[in-house]
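S.K.: Letter by letter, the chains look like this.
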Amino acid sequence: MALAAGIVFGLGLIVSQMVNPAKILNFLDVFGSWDPSLALVMVGAIPVAAAGYALTGRMRRPLAAPKFRLPQQTRLDRELLLGAALFGIGWGAVGYCPGPAIVSLGMGQPAAVPFVLAMLAGMGIYELVQLITRRKSISEA
Amino acid sequence: MIGLAALLLALFNGRVAGISGIIGGGLRAPPDDLGWRLAFLAGLVLAPLIYRTTVGIIGPITVTSSSAILVLGGLLVGFGTRLGNGCTSGHGVCGIARLSPRSLAATAIFMLSAAATVFVLRHVIGG
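Heads up: the protein sequence lines correspond to chains U and E, in order. By numbering that gives the first Met the number 0, the letter at position 52 of the first sequence is numbered 51, and the numbering carries on one by one without gaps. By numbering that gives the first Met the number 0, the letter at position 83 of the second sequence is numbered 82, and the numbering carries on one by one without gaps.
What the hints contain is simulated information worked out from the structure, not anything from laboratory work. Glycine is no exception: its CB is placed at the ideal position from the N, C-alpha and C atoms. Hints are supplied without guarantee of correctness; some may be wrong.
What the hints assert, rightly or not - To spell it out: a stretch of chain E is covered by chain U in this simulated footprint if at least three of its residues, at any positions, have a beta carbon under 8 Å from a beta carbon of chain U; those stretches are:
{"id": "1", "region": "46-54"}
{"id": "2", "region": "102-113"}
Unchecked claim - Label-pair distances were calculated between CB atoms; the ranges are:
{"id": "3", "chain 1": "E", "residue 1": "T63", "chain 2": "U", "residue 2": "L130", "range": "12 to 22 Å"}
{"id": "4", "chain 1": "U", "residue 1": "R57", "chain 2": "E", "residue 2": "S66", "range": "23 to 33 Å"}
{"id": "5", "chain 1": "U", "residue 1": "R59", "chain 2": "E", "residue 2": "V119", "range": "26 to 36 Å"}
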């Protein structure tokens, strides 16, 4: 079912033109050639997703997995805010966020290749930093 | 459709459809937690093929960024989404749908910083 969800998600990104970086950049270009139509993607997706999460609240376990593992954190911390700000800079520079970048690989879009490789490297760097800081805090303790 | 995909993943797998988390979390996930991630990502990669065989040609795609910007942007997106625990799908769609205060804040911040980046690149430097 995760495969089907991925396909439906990917088709949604194609139909909504989220896979076109120029469209994304025009959506973000509030002071220039602003194209607000992508806001409709969120407006359309959020209520459907919300209905799904409302249903999960009534279920004891998922239909195909032993338990629900939805995010539980509620605290606003520095990592969240800094991470979101950095992600926004990268998104605004290119016009790809992770989902559309992966779908673009499947489209054979050449620009997606260096972007996705760099994105994986960025995620790897994060894991490394985590590893080093964790080790440091253990040795200091 | 994106909402529907999030609904399917929640009901069947009990997980949030956040792309950066599905990829990044896979970097250190135990083997029994890898299957659904790979299946979902395979679906994303297969979607264009299915679109082309059933619907037709995918609309025009324009990428204007240089290779250096593509790499720099990719690094920032990769690192930032892991540090901030989410991207457009995880925070922007699923998080807001779950009324998560963290996701509301994150979405506001990445929208602002993305718009500011476009403004600087297009109107300050490129203007």
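S.K.: Does each hint hold? Answer for all of them.
M.R.: Hints and how they fare:
{"no.": "1", "hint": "46-54", "verdict": "holds (count 5)"}
{"no.": "2", "hint": "102-113", "verdict": "holds (count 9)"}
{"no.": "3", "hint": "E/T63 - U/L130: 12 to 22 Å", "verdict": "violated, 36 Å"}
{"no.": "4", "hint": "U/R57 - E/S66: 23 to 33 Å", "verdict": "violated, 49 Å"}
{"no.": "5", "hint": "U/R59 - E/V119: 26 to 36 Å", "verdict": "violated, 50 Å"}
Consistency note: the structure conflicts with the earlier hints numbered 3, 4 and 5.
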